[in-house]
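Asks: Residues per chain are reported as follows:
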Amino acid sequence: MEKNYYVCTGCGLLCDDIEVESEKDKVNKVYTACRIGVAHMKETRGEAKFLVDNKPVDEATAINEAASILKNARNPLIFGLGTSTNETQKIAIELAKKINATLDDPSSFCLGPLAEALIQDKLKTCTLDDVRNKADVIIYWGTDPSDSHPRQLSKHSYFPRGSEKQRGWEEERTAIAIDVRKSHTAKICGNYFFQIPPKGDTEFIDALIAGLSGKLPKTSYNYPPKKILELANILKGAKFGVIFVGRGLIYSLENLEPLFKLMKILNEKANFHLIPMIGNYNTMGFNENLFAETGYVNSVKFENGTVKHGPEYSIVESLKAKTVDAAIIIGSDPLSILPRSIAKNMLEIPVISLDHCETLTSKHAKVYVNTAISGVESGGTAIRMDGVKVNFEPVIETNNPSDEVILKKIMEAL
Amino acid sequence: MTNAMELYQMLPKTNCKKCGKTSCMAFAVALMARELTPEDCPPLKEESKYKENYEKISEIFKPSEGATETGLIVHEELCFGCGNCVVACPPNVANDPYGVGSGNAPKNVNKLVLTIEDGVVKAQNLEECRRFGKNKILCNGCIVTCPVEAIEFV
Numbered sequence: 001m002e003k004n005y006y007v008c009t010g011c012g013l014l015c016d017d018i019e020v021e022s023e024k025d026k027v028n029k030v031y032t033a034c035r036i037g038v039a040h041m042k043e044t045r046g047e048a049k050f051l052v053d054n055k056p057v058d059e060a061t062a063i064n065e066a067a068s069i070l071k072n073a074r075n076p077l078i079f080g081l082g083t084s085t086n087e088t089q090k091i092a093i094e095l096a097k098k099i100n101a102t103l104d105d106p107s108s109f110c111l112g113p114l115a116e117a118l119i120q121d122k123l124k125t126c127t128l129d130d131v132r133n134k135a136d137v138i139i140y141w142g143t144d145p146s147d148s149h150p151r152q153l154s155k156h157s158y159f160p161r162g163s164e165k166q167r168g169w170e171e172e173r174t175a176i177a178i179d180v181r182k183s184h185t186a187k188i189c190g191n192y193f194f195q196i197p198p199k200g201d202t203e204f205i206d207a208l209i210a211g212l213s214g215k216l217p218k219t220s221y222n223y224p225p226k227k228i229l230e231l232a233n234i235l236k237g238a239k240f241g242v243i244f245v246g247r248g249l250i251y252s253l254e255n256l257e258p259l260f261k262l263m264k265i266l267n268e269k270a271n272f273h274l275i276p277m278i279g280n281y282n283t284m285g286f287n288e289n290l291f292a293e294t295g296y297v298n299s300v301k302f303e304n305g306t307v308k309h310g311p312e313y314s315i316v317e318s319l320k321a322k323t324v325d326a327a328i329i330i331g332s333d334p335l336s337i338l339p340r341s342i343a344k345n346m347l348e349i350p351v352i353s354l355d356h357c358e359t360l361t362s363k364h365a366k367v368y369v370n371t372a373i374s375g376v377e378s379g380g381t382a383i384r385m386d387g388v389k390v391n392f393e394p395v396i397e398t399n400n401p402s403d404e405v406i407l408k409k410i411m412e413a414l
Numbered sequence: 001m002t003n004a005m006e007l008y009q010m011l012p013k014t015n016c017k018k019c020g021k022t023s024c025m026a027f028a029v030a031l032m033a034r035e036l037t038p039e040d041c042p043p044l045k046e047e048s049k050y051k052e053n054y055e056k057i058s059e060i061f062k063p064s065e066g067a068t069e070t071g072l073i074v075h076e077e078l079c080f081g082c083g084n085c086v087v088a089c090p091p092n093v094a095n096d097p098y099g100v101g102s103g104n105a106p107k108n109v110n111k112l113v114l115t116i117e118d119g120v121v122k123a124q125n126l127e128e129c130r131r132f133g134k135n136k137i138l139c140n141g142c143i144v145t146c147p148v149e150a151i152e153f154v
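Residue numbers (our numbering), protein chains in the order written: chain A, 1 to 414; chain B, 1 to 154.
It is worth saying that the hints were derived from the structure and are not from the lab. Beta carbons are placed, not taken as given, at the ideal position from N, Cα and C, and that holds for glycine. The reader is advised that the hints may include incorrect statements.
Unchecked claim - Listing some non-contacts, in silico: residues in chain A with all C-beta distances to chain B over 10 Å: (1) E19; (2) G214; (3) N255.
To be verified - Quick look at which bits of chain B chain A covers, simulated, 3 or more residues with Cβ under 8 Å: (4) 4 to 14; (5) 19 to 30; (6) 39 to 45; (7) 71 to 82; (8) 139 to 153.
With the sequences and hints as input, model every part of the structure.
Replies: Below is the structure:
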């Protein structure tokens with residue numbers, strides 16, 4: 001019997017082998033998915049809610065209120081979209097053009113620079129399937145997939161047998177963790193865990209490049225040169241190496257130059273690829289869609305047909321400088337994730353929140369629409385963290401409108 | 001995990017042979033192999049001067065009461081369903097190489113030892129586990145791959 005597999009949209013991995021037992025509008029049992037995925041899929045709840053000033057209203061009132069907020073705004077901010085489908089993101093870009101909005105997503109303070117470099121082909125990358133089939137040296141740098149993407153190691157990188165790696169992890173793969181703390185992933189890497197001090201990544205990269213070039217690796221924090229040389233030797237011998245880069249590394253670097261240098265020398269001595277560890281399931285999709293439309297991956301401002309780009313149009317800087325006078329937040333919770341000094345400026349402007357769960361942002365929003373859970377109650381397409389397009393169908397049927405439908409209606413109301 | 005030498009240190013060390021073994025060391029080894037229980041050593045159980053040691057040894061073997069026949073215990077509250085053990089388990093790979101062996105959903109659930117259900121690992125078909133039966137070997141594939149020590153053998 002051919003089984004019906006669903007795609008889990010709980011994180012950037014988009015696992016496509018999830019079995020679900022469900023009734024009409026309820027998920028009863030989830031197989032193969034990790035705890036994050038199970039919680040995400042079982043999150044379903046009753047009817048959709050439309051709130052204005054935290055009071056229930058009907059759909060039309062909420063949409064009209066949202067439209068009038070956007071209409072009256074001089075420079076509205078559209079933010080979020082990391083957990084929306086490609087289709088929704090394209091509508092959001094259209095909406096941004098129409099209302100001359102500032103458009104940004106969480107990648108502006110996460111892995112945006114890296115996504116941009118990958119989209120522009122500045123770094124060598126590969127798909128997660130290549131990793132499973134070929135990779136022999138796997139580095140987790142500034143990332144802890146065991147906690148953030150639980151099935152990363154078991155489904156894609158270290159443990160599974162692949163077409164060219166049939167003997168598995170014990171004999172044919174080496175997993176290396178470079179991190180500031182002994183994370184759960186570092187524990188699995190055992191002796192190949194390299195603990196560096198916070199902000200020590202740039203120096204460690206320089207030392208590693210020195211080691212790869214046959215020089216004595218030196219760091220100001222006196223990392224044992226022997227260990228760095230040992231690491232350099234493993235990397236030199238890699239036939240198909242992968243570096244999974246997380247926010248730990250990106251936050252520590254001033255710019256991506258050291259990483260470019262490292263990738264260049266690694267590809268002279270061996271064969272190395274880089275994959276970003278993206279958290280939200282479709283942040284990569286947003287970056288690609290916006291890049292196709294404007295040539296930038298995030299932090300843009302549309303103005304009468306022209307596009308401006310710069311850090312001043314990111315959510316952090318625009319809220320700090322109070323240049324935006326309204327906000328529509330789609331599937332994100334900036335009030336919780338941004339620093340308080342910046343997030344508090346959001347309380348001064350009218351906010352529209354489209355989210356499938358109640359968040360701090362939705363509680364302080366002028367208009368809140370409780371949308372369908374993308375990937376569970378509504379389908380679409382998304383881009384996985386390695387750039388592979390994934391289609392998915394809804395797992396269960398509900399009447400809850402998707403964020404795509406709501407955005408379309410807001411567009412019409414405008 | 002304790003070893004036979006540690007158990008031996010807690011035994012009376014008189015080699016009285018009341019347990020049927022030739023020495024206290026032999027008894028310790030039998031304890032480790034789960035052939036005998038702490039109650040099988042009469043002096044340890046009855047004499048008051050060994051009371052403390054008896055309680056200690058009993059404590060060590062207590063968790064095994066709730067264990068499966070291979071001694072496998074899953075701490076569900078720790079497990080987060082990463083599936084490392086499922087993919088690394090040798091019988092799982094042998095029985096389902098293109099399913100769980102390749103990191104995918106199981107294709108042959110009936111023969112798998114470990115599966116993920118509702119985000120938590122579930123042990124089943126223990127006759128397939130390499131720790132089961134006469135020719136058992138002390139495989140630790142699922143333990144060393146677990147990032148949170150949610151699987152334990154007692």
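Asks: Evaluate each hint against the coordinates.
Replies: Okay, the hints, checked on the actual structure:
A cut-off of 10 Å between C-beta atoms contradicts the statement that E19 (chain A) is not in contact with chain B; the least separation is 6 Å. Against chain B, the non-interface label of G214 (chain A) holds: every CB pair exceeds 10 Å, the least being about 34 Å. Non-interface call for N255 (chain A) relative to chain B: holds, since the shortest CB-CB distance, roughly 32 Å, exceeds 10 Å. A stretch counts as covered by a chain when three or more of its residues have a beta carbon under 8 Å from one of that chain; for the stretch 4 to 14 of chain B and chain A the count is 0, and the coverage is violated.
Counting residues of the stretch 19 to 30 of chain B whose beta carbon lies closer than 8 Å to any beta carbon of chain A gives 0, which falls short of the minimum of three for the stated coverage. Only when three residues or more bring their CB closer than 8 Å to a CB of chain A does the claim for the stretch 39 to 45 of chain B stand; here the count is 0, and the claim is violated. Given a C-beta distance limit of less than 8 Å, the hint that chain A covers the stretch 71 to 82 of chain B holds, as 4 residues qualify and 3 suffice. Proximity of the stretch 139 to 153 of chain B to chain A, defined as three or more residues with a beta carbon under 8 Å from a beta carbon of that chain, is established by the 3 residues found.
Hint compliance for this structure: hints 1, 4, 5, 6 are broken, all remaining hints hold.
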